[in-house]
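Position 43, counted from 1, in the sequence shown is what my numbering calls 79; the numbers after and before it change by one each time, with no gaps.
To be clear, the hints were calculated from the coordinates, so they are not data collected in a lab.
Among the hints, a few may not be true.
Said to hold, decoys possible - Pairs of lysine to any residue residues, derived as SDA-like cross-links and limited to a Cα-Cα distance of at most 20 Å, are as follows: (1) 271 to 221; (2) 443 to 494; (3) 407 to 367; (4) 273 to 216; (5) 259 to 154; (6) 184 to 204; (7) 362 to 350; (8) 146 to 253; (9) 443 to 464; (10) 217 to 271; (11) 367 to 242; (12) 242 to 176; (13) 82 to 509; (14) 123 to 102; (15) 581 to 330; (16) 389 to 350; (17) 362 to 381; (18) 146 to 234; (19) 217 to 186; (20) 151 to 217; (21) 235 to 269; (22) 165 to 263.
Claimed, not checked - Quick list of the computed label-pair ranges, beta carbon to beta carbon: (23) 254 to 170: 52 to 60 Å; (24) 55 to 506: 31 to 39 Å; (25) 166 to 349: 19 to 27 Å; (26) 128 to 505: 53 to 61 Å.
In this text, a Cβ means the ideal position worked out from N, Cα and C, and glycines have one as well.
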Amino acid sequence: MNRPCSAPDVVQCSMCQTSVAPMYCEVCITHLCKECEEAHLSDSSKVHKVVSFKQHWRSLDYPNCRKHLTKQCDLLCEQCGIHICIKCISTGKHLGHKLVDIYQVFESKKQLLQKDLQEIENSLYPTHKQIASNIPVQKTDLKNNSQKLTTTINKQGEIWHREIDTIVRNLKFDVGEIEFKHLVILSKLEDENRRTISKITQTIDKLKKLLNSKDVCLVSEYKSTNAEFRRLPPKLKVSLPNFRPQEIHKDQLIEQFGYLSASSLTTEEQDYSVTNKGVESPSQDRSLMDVPQVITAIDTGYEYIYGVTCLNDTEVWTRGNNNIMKLYNLKGKLMKSIQTKSGNMPEDIKVTKHGDLVYTDFGYRTVNVVKNSQIQTVITLQEWGPLSVCSTSSGDLLIVMDSDNHKQTKVVRYSGSTEKQSIQFSDEGQPLYSSDGFKYITENRNLDICVSDNSAHAVVVVNQAGKLRFTYTGPCYTTEEPFDPRGITTDSQSRILIADYYNHCIHILDLDGQFLRYIKNCDTQLPWGLCVDTRGNLSVCVCCKGEVKKIQYHL
Numbered sequence: 037m038n039r040p041c042s043a044p045d046v047v048q049c050s051m052c053q054t055s056v057a058p059m060y061c062e063v064c065i066t067h068l069c070k071e072c073e074e075a076h077l078s079d080s081s082k083v084h085k086v087v088s089f090k091q092h093w094r095s096l097d098y099p100n101c102r103k104h105l106t107k108q109c110d111l112l113c114e115q116c117g118i119h120i121c122i123k124c125i126s127t128g129k130h131l132g133h134k135l136v137d138i139y140q141v142f143e144s145k146k147q148l149l150q151k152d153l154q155e156i157e158n159s160l161y162p163t164h165k166q167i168a169s170n171i172p173v174q175k176t177d178l179k180n181n182s183q184k185l186t187t188t189i190n191k192q193g194e195i196w197h198r199e200i201d202t203i204v205r206n207l208k209f210d211v212g213e214i215e216f217k218h219l220v221i222l223s224k225l226e227d228e229n230r231r232t233i234s235k236i237t238q239t240i241d242k243l244k245k246l247l248n249s250k251d252v253c254l255v256s257e258y259k260s261t262n263a264e265f266r267r268l269p270p271k272l273k274v275s276l277p278n279f280r281p282q283e284i285h286k287d288q289l290i291e292q293f294g295y296l297s298a299s300s301l302t303t304e305e306q307d308y309s310v311t312n313k314g315v316e317s318p319s320q321d322r323s324l325m326d327v328p329q330v331i332t333a334i335d336t337g338y339e340y341i342y343g344v345t346c347l348n349d350t351e352v353w354t355r356g357n358n359n360i361m362k363l364y365n366l367k368g369k370l371m372k373s374i375q376t377k378s379g380n381m382p383e384d385i386k387v388t389k390h391g392d393l394v395y396t397d398f399g400y401r402t403v404n405v406v407k408n409s410q411i412q413t414v415i416t417l418q419e420w421g422p423l424s425v426c427s428t429s430s431g432d433l434l435i436v437m438d439s440d441n442h443k444q445t446k447v448v449r450y451s452g453s454t455e456k457q458s459i460q461f462s463d464e465g466q467p468l469y470s471s472d473g474f475k476y477i478t479e480n481r482n483l484d485i486c487v488s489d490n491s492a493h494a495v496v497v498v499n500q501a502g503k504l505r506f507t508y509t510g511p512c513y514t515t516e517e518p519f520d521p522r523g524i525t526t527d528s529q530s531r532i533l534i535a536d537y538y539n540h541c542i543h544i545l546d547l548d549g550q551f552l553r554y555i556k557n558c559d560t561q562l563p564w565g566l567c568v569d570t571r572g573n574l575s576v577c578v579c580c581k582g583e584v585k586k587i588q589y590h591l
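All chains should be built: construct the whole structure from the sequences, respecting the hints.
Structure (C-alpha cells):
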C-alpha cells in the first residue's frame with residue numbers, strides 16, 4: 037500500500053470546528069475530536085465505524101508518481117489535472133500552478149459522493165417514482181372517462197335507432213382513436229420513466245461502491261451525473277372531448293346528432309430544484325424561516341375549533357364544537373356552511389383531490405362527501421367507528437378507525453366504498469397504533485402514511501405498503517410537557533408538520549422523521565388542526581380561541 041511519508045499535521049473536527057481531530061468516522065466521512073466522538077456515536081440511525089485518524093490515513097491507497105516511480109503522490113496540480121510528488125515540484129514544471137493536498141481532494145470528493153447519494157435516494161428517486169405512479173392513475177381515469185363518453189353516445193344512439201347507427205359507429209371510432217393516441221403517449225412516458233428509474237438504481241449502487249472504496253484515484257476521478265436526473269420528464273394533462281347532443285331533425289341527421297369537441301393533450305414542464313430539503317440534514321435546511329410570520333387570523337365563531345382543510349389558497353373549511361362545517365375566505369368572510377347529515381359533530385374533515393368536502397361521523401360509523409351542498413354517505417362501517425380521514429394523491433381515502441370496544445385501531449384505504457388495504461400491525465405482529473385517544477392522518481409526497489397518535493405521544497409513519505418506516509416521539513431534548521400530537525399535515529418538500537397541543541407549538545420534521553425546528557412565535561396556544569395550501573402557507577387551528585391562523589414558515 038502506497039502513502040505519503042507523513043499524515044497531515046492538524047485536522048480540524050468536523051462537528052465543533054475548533055478542536056484537533058484525532059478520530060475519523062469512515063461511515064459518515066467525519067473528523068472527530070474526543071469531545072465530539074461520544075455525541076457522534078449516540079446517533080443510532082447509522083452503524084458508525086470510528087477509527088484513529090492515523091489508522092484511517094494509513095489505510096488509504098495513494099498513487100505512485102507517473103514521472104518518479106519510487107515516489108508517492110501527495111499533491112494534485114489543478115492546472116494540469118494530475119497527481120504529483122515532491123520531486124515534481126522541484127522540476128519547476130508546476131511553478132505558479134495551484135497545488136492541492138491530495139487528501140483534501142479525496143475528502144471533498146467523498147463528501148460529494150455522499151451528498152449525491154443522499155439526493156438520489158431521498159429526493160430524485162422518490163420524485164421519479166411518484167411521477168411514474170401517477171401515470172397508471174391517468175391511464176385509468178382516461179379509460180373510465182372514455183367509457184362514460186361512449187355510454188353517453190350510446191344513449192343518444194338508442195333514441196335515434198337505426199337511422200343513426202352509422203354515425204354512432206363513426207363517433208365511437210373517433211373516441212377510441214383519441215384514447216389510443218393518448219395511451220400511446222402516456223405509455224411512452226411510462227417506459228421512459230421506467231428506464232430512468234433503472235438508471236438511478238444503477239447509479240445508487242455505483243455511488244455506494246465508490247463511498248466504500250479506498251482507491252484514491254478512482255474516487256478522485258468521480259464526476260457527478262445527478263444533473264441528468266434533475267431533468268424531470270414533462271407532466272402530461274390528458275383531456276377527452278365532450279359529447280354535445282343536438283335536437284333531432286331527421287333531414288339533418290348527421291349535422292344535428294352531435295359532435296365531439298377537440299381533445300387536448302398538453303405538456304407541462306416540471307422543474308427540479310436542488311433546494312429540495314429531502315436530501316439535507318436538519319442543520320442544512322435553509323429554506324425554513326427563523327421567525328415565521330402570521331399572514332392573517334380568521335375568527336370562525338366556534339367556541340373551540342378542531343379542524344381546518346384548504347379548499348384552495350384563499351378559502352378553508354373548518355370544524356368546531358358543533359355540527360356545522362364552515363367555509364371562510366382569508367378575509368374572514370363566511371362563504372358557506374353545511375350541517376352534518378346526522379346532526380353529530382364531525383370527527384374530521386378534508387378536501388378531496390376533486391375539491392369535495394369529506395367528513396367522518398363517528399357516532400353513525402359513516403364517511404360522507406359533500407357534493408354541490410348535497411351530502412352522500414360513501415362508506416358505512418360495522419363494529420368500527422371512523423376517526424380521521426385523508427384524501428390521497430391517487431383519489432383514495434385513508435380512514436383511521438377504532439373498534440367499538442376501543443381495543444383496536446387501524447388505517448384502511450378505500451377506493452370509493454371498496455376496501456383496498458388495511459394497516460394495523462408491524463412485521464413483528466405488534467399494534468402500530470394505540471387503542472384510544474385522538475388520531476389524525478395525512479399522506480406525504482413520497483406516499484408515506486403519517487398518523488399522529490396523542491395517546492402514544494407519537495407520530496407513526498409507514499410506507500405505501502404499510503411497512504413501518506419510523507416513529508417520532510419528539511426531539512432528543514425534552515419539551516415542557518410530554519409530546520401531545522394532534523393535527524398533522526405535510527408540505528411540497530415532504531416535510532411533516534405536527535401540532536403539539538400542550539406545548540403550544542408546531543414540530544417540523546424532514547421526510548425521514550428528523551426534527552428540523554419548532555414554530556413557537558405565532559401565538560398558537562393549544563394548536564389542533566393543520567393544513568398547508570399550494571403556496572406552502574400553513575393554517576393552524578388555535579383551539580381555545582376558535583381562530584384559524586395562516587402562517588408563512590419558509591422562504
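Evaluated hints:
{"no.": "1", "hint": "271 to 221", "result": "holds, 12 Å"}
{"no.": "2", "hint": "443 to 494", "result": "holds, 18 Å"}
{"no.": "3", "hint": "407 to 367", "result": "violated, 24 Å"}
{"no.": "4", "hint": "273 to 216", "result": "holds, 15 Å"}
{"no.": "5", "hint": "259 to 154", "result": "holds, 16 Å"}
{"no.": "6", "hint": "184 to 204", "result": "holds, 15 Å"}
{"no.": "7", "hint": "362 to 350", "result": "holds, 14 Å"}
{"no.": "8", "hint": "146 to 253", "result": "holds, 12 Å"}
{"no.": "9", "hint": "443 to 464", "result": "holds, 19 Å"}
{"no.": "10", "hint": "217 to 271", "result": "holds, 16 Å"}
{"no.": "11", "hint": "367 to 242", "result": "violated, 54 Å"}
{"no.": "12", "hint": "242 to 176", "result": "violated, 36 Å"}
{"no.": "13", "hint": "82 to 509", "result": "holds, 19 Å"}
{"no.": "14", "hint": "123 to 102", "result": "holds, 11 Å"}
{"no.": "15", "hint": "581 to 330", "result": "holds, 16 Å"}
{"no.": "16", "hint": "389 to 350", "result": "holds, 16 Å"}
{"no.": "17", "hint": "362 to 381", "result": "holds, 12 Å"}
{"no.": "18", "hint": "146 to 234", "result": "violated, 24 Å"}
{"no.": "19", "hint": "217 to 186", "result": "holds, 16 Å"}
{"no.": "20", "hint": "151 to 217", "result": "violated, 41 Å"}
{"no.": "21", "hint": "235 to 269", "result": "holds, 14 Å"}
{"no.": "22", "hint": "165 to 263", "result": "holds, 17 Å"}
{"no.": "23", "hint": "254 to 170: 52 to 60 Å", "result": "violated, 38 Å"}
{"no.": "24", "hint": "55 to 506: 31 to 39 Å", "result": "holds, 32 Å"}
{"no.": "25", "hint": "166 to 349: 19 to 27 Å", "result": "holds, 22 Å"}
{"no.": "26", "hint": "128 to 505: 53 to 61 Å", "result": "holds, 59 Å"}
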